[in-house]
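Q: Protein sequence lines correspond, in order, to chains A, B, C and D. Mapping of the first sequence onto my numbering: residues 4 to 440, in sequence order. Mapping of the second sequence onto my numbering: residues 4 to 440, in sequence order. Mapping of the third sequence onto my numbering: residues 4 to 440, in sequence order. Mapping of the fourth sequence onto my numbering: residues 4 to 440, in sequence order.
Calculated directly from the structure, the hints in this document are not laboratory data. Backbone N, C-alpha and C define an ideal beta-carbon position, used for all residues, glycine too. One thing to keep in mind: the hints can contain errors.
Unchecked claim - Sample of chain C residues at the chain D side, in silico, Cβ under 8 Å:
1) 101
2) 102
3) 228
4) 232
5) 234
6) 260
7) 261
8) 268
9) 373
4 protein chains.
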Amino acid sequence: MNASMDTGAIVQSAYSAPRQATDLARRYTDVRAETERLCAPLVTEDYGIQTMPDVSPPKWHLAHTAWFFECFVLTPFVRDYSPYHPRYHYLFNSYYETVGQPYPRPRRGLLSRPTVAEIYDYRAYVDAAMLSLLQALPGIMPSADEDEVMRRTLLGVHHEQQHQELLLTDIKHIFAMNPLRPEYQQRPTDRTEARARSTWCEFDAGMRRVGHDGSEFAFDNETPRHKVYANAYAIASRLVTNGEYLQFMEAGGYAQPEHWLSDGWTTVRQQKWQAPLYWERYDGRWWHMTLSGMQPIDEWAPVCHVSLYEADAFARWRGKRLPTEAEWEVAASREPTTGNLRDAGYLHPRPAPTTAVPAQLFGDVWEWTCSAYGPYPGYRADKGALGEYNGKFMSNQVVLRGGSCVTAGEHVRSTYRNFFYPGDRWQFTGLRLADDR
Amino acid sequence: MNASMDTGAIVQSAYSAPRQATDLARRYTDVRAETERLCAPLVTEDYGIQTMPDVSPPKWHLAHTAWFFECFVLTPFVRDYSPYHPRYHYLFNSYYETVGQPYPRPRRGLLSRPTVAEIYDYRAYVDAAMLSLLQALPGIMPSADEDEVMRRTLLGVHHEQQHQELLLTDIKHIFAMNPLRPEYQQRPTDRTEARARSTWCEFDAGMRRVGHDGSEFAFDNETPRHKVYANAYAIASRLVTNGEYLQFMEAGGYAQPEHWLSDGWTTVRQQKWQAPLYWERYDGRWWHMTLSGMQPIDEWAPVCHVSLYEADAFARWRGKRLPTEAEWEVAASREPTTGNLRDAGYLHPRPAPTTAVPAQLFGDVWEWTCSAYGPYPGYRADKGALGEYNGKFMSNQVVLRGGSCVTAGEHVRSTYRNFFYPGDRWQFTGLRLADDR
Amino acid sequence: MNASMDTGAIVQSAYSAPRQATDLARRYTDVRAETERLCAPLVTEDYGIQTMPDVSPPKWHLAHTAWFFECFVLTPFVRDYSPYHPRYHYLFNSYYETVGQPYPRPRRGLLSRPTVAEIYDYRAYVDAAMLSLLQALPGIMPSADEDEVMRRTLLGVHHEQQHQELLLTDIKHIFAMNPLRPEYQQRPTDRTEARARSTWCEFDAGMRRVGHDGSEFAFDNETPRHKVYANAYAIASRLVTNGEYLQFMEAGGYAQPEHWLSDGWTTVRQQKWQAPLYWERYDGRWWHMTLSGMQPIDEWAPVCHVSLYEADAFARWRGKRLPTEAEWEVAASREPTTGNLRDAGYLHPRPAPTTAVPAQLFGDVWEWTCSAYGPYPGYRADKGALGEYNGKFMSNQVVLRGGSCVTAGEHVRSTYRNFFYPGDRWQFTGLRLADDR
Amino acid sequence: MNASMDTGAIVQSAYSAPRQATDLARRYTDVRAETERLCAPLVTEDYGIQTMPDVSPPKWHLAHTAWFFECFVLTPFVRDYSPYHPRYHYLFNSYYETVGQPYPRPRRGLLSRPTVAEIYDYRAYVDAAMLSLLQALPGIMPSADEDEVMRRTLLGVHHEQQHQELLLTDIKHIFAMNPLRPEYQQRPTDRTEARARSTWCEFDAGMRRVGHDGSEFAFDNETPRHKVYANAYAIASRLVTNGEYLQFMEAGGYAQPEHWLSDGWTTVRQQKWQAPLYWERYDGRWWHMTLSGMQPIDEWAPVCHVSLYEADAFARWRGKRLPTEAEWEVAASREPTTGNLRDAGYLHPRPAPTTAVPAQLFGDVWEWTCSAYGPYPGYRADKGALGEYNGKFMSNQVVLRGGSCVTAGEHVRSTYRNFFYPGDRWQFTGLRLADDR
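With these hints in hand, go ahead and build the complete structure from the sequences.
A: Below, the structure written as structure tokens:
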């Protein structure tokens with residue numbers, strides 16, 4: 004395998020932030036440590052649970068992110084590298100079919116061994132090898148290979164940040180499915196009195212450019228930057244709130260087929276959906292599970308854990324629609340990449356500030372768009388195994404934008420394309436209205 | 004119900020072809036008779052079979068298309084109209100949830116009653132009422148209502164043509180699932196020696212207009228006509244052939260995950276796909292079921308009964324891609340709407356002629372595009388029950404273009420958007436390659 | 004294949020009734036004609052429906068019973084016999100794995116071809132060959148073979164009577180699943196005023212003999228006759244009535260786990276059972292589907308279409324139990340084989356007469372016992388394909404006794420062992436209480 | 004609740020072994036400690052795994068057996084007893100529907116909390132309360148209640164021994180499903196050269212008495228002792244071996260429907276069974292998973308982890324049958340209750356000794372009988388929740404006899420009736436042949 008050939012497309016500009024191996028080693032160390040810091044509140048037993056096929060056990064996330072470096076950097080580029088354990092390649096491959104058939108996803112929760120301690124040891128083993136490699140650069144291999152090591156390492160760092168978000172998302176599901184309803188962290192004292200009204204931000208018709216422009220790291224699915232024509236449109240100044248969503252519920256939204264996409268209506272009836280995921284009604288009011296346990300619904304906070312079907316039905320009920328991903332990106336590209344992101348520590352969406360218009364484009368919740376996830380014009384998936392990273396998922400899924408309250412701040416940008424199936428609800432997903440002009 | 008208000012969006016220009024009620028009555032009569040003519044080869048037993056939930060029994064198609072006129076024209080617009088049978092509204096509503104919960108689709112094959120004779124009688128009853136109504140126009144009701152009667156009748160005629168195609172598609176499945184492999188018709192003597200090579204038709208980058216322009220009937224999902232920007236591209240001069248597809252199969256295409264979308268690969272393994280639907284290997288060669296029974300594969304005929312997943316995998320294996328629906332429409336809008344359509348009588352795709360470039364844009368097989376089925380900019384689904392016709396299916400499905408060998412010739416046009424799920428194979432579906440330039 | 008060797012066990016005493024081939028030919032002709040007479044009320048469309056995997060389409064019953072003679076008599080014993088159609092052996096084999104893998108049972112309703120007319124023609128073809136064979140006996144083959152032809156023919160006649168019952172049972176299900184609720188026959192004017200109280204018939208402890216004694220035809224599973232020891236017991240003088248069962252329902256029986264077998268309670272919740280099969284509540288009262296359409300519940304008629312789980316739960320709720328099959332047989336062996344059987348024409352259970360104690364042992368409903376269906380001591384299943392007739396079903400099923408209102412009168416006897424799964428309800432099944440003494 | 008009334012049937016003779024509370028307290032302490040000793044080889048992660056719905060996580064067994072005493076002894080009989088945690092009653096109730104709907108069985112593996120440490124603390128809390136109660140007896144409550152406390156405590160001790168066996172059975176499954184194949188214990192040096200031939204032990208026909216006679220503890224399903232008549236029969240002197248079973252496999256047994264019960268054959272095809280559970284073929288020979296990891300098959304050791312279907316098919320292939328439970332009991336009642344039981348430490352079946360005939364009646368593997376699990380004549384299930392212990396499972400299951408290599412030695416006896424579904428294989432189950440005489 005000519006390892007240097009096959010991942011150019013993934014990392015468009017690997018060196019934007021860490022120009023040198025020492026910078027990259029520092030970035031690597033920080034992100035790897037952060038993953039483990041996020042697991043600090045867990046007890047050993049929490050690490051192994053898989054509450055549904057979509058959820059992975061925390062220890063699987065820990066091992067898989069180490070495997071990523073082992074499989075794509077250490078094994079191809081370090082002579083005589085000896086993998087930590089011969090079966091881990093099978094156990095912790097997620098979906099890279101071209102490097103071997105992975106252990107079945109729905110069975111990830113059946114593995115008591117390797118233990119949590121063994122997996123932390125595995126991480127340490129990989130870290131030592133990675134840092135040893137990065138510290139030896141440059142000069143130990145052909146320069147094209149060195150470039151590829153750095154590209155792939157940087158990709159692995161971003162990959163690990165994606166799994167940091169999944170880790171929190173999955174921990175929330177694991178705790179929510181437990182009748183004891185454990186708390187991941189104490190609830191921050193975040194009571195805000197902000198009650199921002201929703202207004203419209205207007206955009207003229209015209210030719211636009213969207214997609215990544217090459218000056219920073221991006222995933223291959225954000226490229227190439229390209230022209231799109233858009234009609235005049237408007238997007239709401241803030242996210243849809245729990246209070247607004249409750250009006251839809253109380254108006255009978257979940258019982259009225261006319262608001263729903265056909266597949267959505269089928270899902271509503273099959274799953275018996277009556278409210279967003281994690282909502283429960285007792286003591287005469289609505290509560291929902293959070294990473295700080297059960298909490299009453301805050302009517303001014305953004306609605307969260309709704310599917311595309313619910314987002315679309317709500318918008319239709321209001322006579323509006325969801326934005327296209329291009330409409331969203333045009334609006335967001337003018338705004339700072341700040342908001343209620345993971346680093347703020349809330350790990351839960353918060354009411355919009357009254358001081359910014361538009362608000363909440365980054366953080367709080369991933370925003371469903373009405374755009375199916377597909378290739379940009381001129382996109383080509385890579386030839387090697389890393390070509391499976393994004394491209395093969397370009398069917399049946401829908402684009403979400405903007406990051407959430409569990410996304411690392413340095414991981415979001417206006418061109419970032421997240422994607423999930425229209426019925427998925429366990430991610431921190433919500434919506435913003437749009438309309439034609 | 005203000006019946007005149009709610010279907011404007013569906014039929015953009017109802018009067019393009021039939022300007023007057025007498026024209027429309029003639030059109031109605033012709034199409035209704037054609038449906039019954041298509042059933043002539045059936046025996047009574049064939050009318051009731053449902054081989055999978057996607058398939059409807061022929062008699063259900065016959066009844067449902069009558070119900071459409073009863074529900075949307077006769078009941079709202081004819082004073083004192085008495086429906087043929089009180090339960091038919093429940094039994095033959097397909098998916099219009101807002102007029103009442105329909106009888107479950109997967110159970111359509113469990114109904115021995117009403118009998119075939121009763122359903123023909125139902126059709127005659129509806130026809131008599133429809134013709135009586137159309138002959139009484141104009142002057143018997145407010146002119147807005149008369150317009151609406153004509154709009155809906157015309158919609159019903161096009162609706163019936165869609166079901167004519169489904170009828171043939173479903174009969175093929177019903178016959179193919181029967182170990183006795185009945186024939187619907189004798190095989191036409193269509194042996195052609197045409198062996199057209201595939202070449203590329205090139206298109207420059209630029210702003211394009213796509214969508215229906217209003218001078219003819221169209222479904223609401225073809226509107227509004229709008230601007231899109233397209234990069235330079237090329238499309239193949241003809242459809243992909245069985246011979247080309249066999250190369251993919253023989254190269255191990257069905258066993259190599261690298262060509263496949265992730266959901267496609269899952270489907271290949273779950274369904275154990277090894278070839279297109281209806282293909283069987285025996286006596287040392289490949290055969291497939293046709294409406295004329297089992298026939299050997301013709302290597303120069305277009306491959307048919309492939310899913311989007313297979314079409315996409317083939318294109319990827321060839322280093323090409325599928326066209327977007329806009330790319331296809333730009334190419335097709337310059338060509339005559341002719342080809343191997345139902346009226347040619349073959350009811351099976353045929354080798355491309357060597358004399359036309361591009362060829363086969365209309366007829367033979369529906370061509371998978373890479374475009375998810377969604378709303379055009381500015382599209383709004385209707386408010387009433389007929390608003391369920393197209394809009395609610397705008398998730399999870401993929402656009403197909405061009406009509407097939409079982410599509411009525413007057414039913415296709417360059418703006419027509421058909422849509423199916425990416426795993427569907429029982430329609431007459433194939434592909435044409437495209438590429439960037 | 005030495006055909007004469009392999010079915011001795013099935014038919015213990017083939018010659019009890021028809022001592023000679025001419026008698027047997029007459030019996031054959033009568034039973035075959037009766038099957039067709041039972042289909043007289045059907046329209047062509049009714050013949051092809053399969054409403055669940057347990058149900059077979061009427062035309063499948065017609066063809067399978069012909070196939071039985073073709074496979075087990077004509078093909079092995081008639082030189083140069085040419086089967087009617089080469090694929091029928093595949094299509095109409097029910098479950099005889101050793102003669103070839105049968106067409107999948109759940110797909111029997113997908114076959115429009117062969118047509119009903121073709122199946123009647125198939126029956127006529129088989130009948131001609133069978134009668135020709137029987138008329139040629141004796142003297143045309145070795146006498147052991149002639150004996151075997153007569154044994155198997157007689158078995159086929161009894162087999163056909165079993166399918167006559169299934170035919171009516173399945174027609175009832177087919178009609179009940181149709182929202183139009185067709186009627187198989189006009190309701191007989193059977194209103195009786197009989198209101199028989201239930202009393203106890205007592206039996207002393209002691210050694211008993213049960214099982215077939217060899218003087219009449221019997222299936223192999225009724226043999227050998229053998230000794231069992233039974234404690235003192237009592238059985239109820241009549242069947243449990245709808246009125247008594249309604250008391251159980253109204254007391255909350257379907258919501259109280261304490262009455263139910265564990266698997267029964269699981270079934271109640273999964274299937275959402277609230278009443279016997281075919282019961283519906285509207286207009287303030289309970290109705291149920293019958294072969295004469297929807298009828299109000301008669302409180303004095305036996306409860307019907309209950310599973311073993313419901314029968315057992317009712318008995319437990321009453322502080323009683325179901326009889327063992329031996330207890331039932333001891334009681335029934337002293338009674339005449341008469342009752343509300345198919346030939347009475349009601350095709351529905353009727354209130355017990357006040358004049359007989361015990362009453363209703365034969366006819367009305369098959370009575371669930373508490374005996375698992377297993378081999379009698381010394382039972383050996385046959386070696387050949389006909390050995391699959393009964394023996395291989397001796398797990399997971401439960402014995403029922405006594406015949407029902409859709410059983411041919413000459414087909415029941417006190418040793419007859421019917422068997423179904425404990426959750427089955429579409430047969431005409433009810434119960435009689437028993438108790439220890 | 005009049006607690007003293009409702010469990011008489013379960014424990015027929017509570018005082019046979021521990022005549023006094025101090026004896027009972029010692030027995031309680033020993034058995035409880037033994038459960039925890041069996042868990043010593045586990046790491047924390049092992050305690051939470053549930054590999055299929057039939058398997059419970061080890062920590063669930065630990066908690067459930069504590070809950071049993073809390074629910075049935077401490078809560079009803081200790082004034083002011085405060086349960087350890089308010090939700091444990093919900094989480095650790097197995098199937099006693101009448102004390103409240105239990106937490107769903109298939110979700111037992113989704114609970115990271117309570118932690119293993121918390122569950123050990125729960126056990127200690129319950130132990131302290133139980134010992135405090137037992138030490139206070141007699142004289143602190145009405146004597147009927149004291150009797151009931153002792154009865155239920157003794158039942159709980161036997162219940163805990165049953166779960167000790169399930170614990171080992173489930174650990175084996177958990178470890179076998181893990182691609183790393185952990186070992187529970189080092190393999191004992193048990194290589195024996197014994198090669199005992201199988202001979203027949205003959206029994207005359209006659210009236211027999213079976214069932215528990217009241218002088219020792221027994222479960223209610225072993226009572227009442229009653230008379231049965233049995234024909235002359237023989238049972239094999241030892242269990243069927245792996246070598247004998249391999250002959251069946253090599254003769255094509257898994258591909259030949261004629262040996263199989265109908266439901267068994269369906270299972271073979273659906274589950275793609277080719278060998279007993281845990282068998283794998285590689286390196287040119289058969290291996291199987293044991294509690295000491297993967298080991299080569301020993302041809303002289305008893306075949307283990309076969310379903311009733313496989314046991315029955317093997318016997319039929321050999322022209323023999325399985326014994327009835329009465330036949331087995333008559334033979335076993337004359338033998339000492341010794342064998343390769345858990346206390347021997349092998350935790351795996353071993354070749355039969357050549358010195359005993361019959362051999363292996365107790366220990367090694369549970370022996371499938373051909374007897375459906377049902378009530379003995381005169382059996383009545385209890386009225387209260389403990390009446391759910393055995394009675395409600397008396398459908399669809401089959402009796403096994405004799406205990407296995409993971410059964411506590413003091414837990415087996417000749418009247419003991421174990422029961423599982425005919426398709427179950429994860430228990431230590433095998434077979435012994437029988438035949439008519």
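Q: Decide, hint by hint, whether the structure agrees.
A: For each hint, the structure was consulted:
1. 101: Holds. Min distance 5 Å.
2. 102: 10 Å, violated
3. 228: Violated, because the Cβ-Cβ distance from residue 228 of chain C to chain D comes to roughly 12 Å (cut-off 8 Å).
4. 232: 5 Å, holds
5. 234: 5 Å, holds
6. 260: 4 Å, holds
7. 261: 5 Å, holds
8. 268: 7 Å, holds
9. 373: 7 Å, holds
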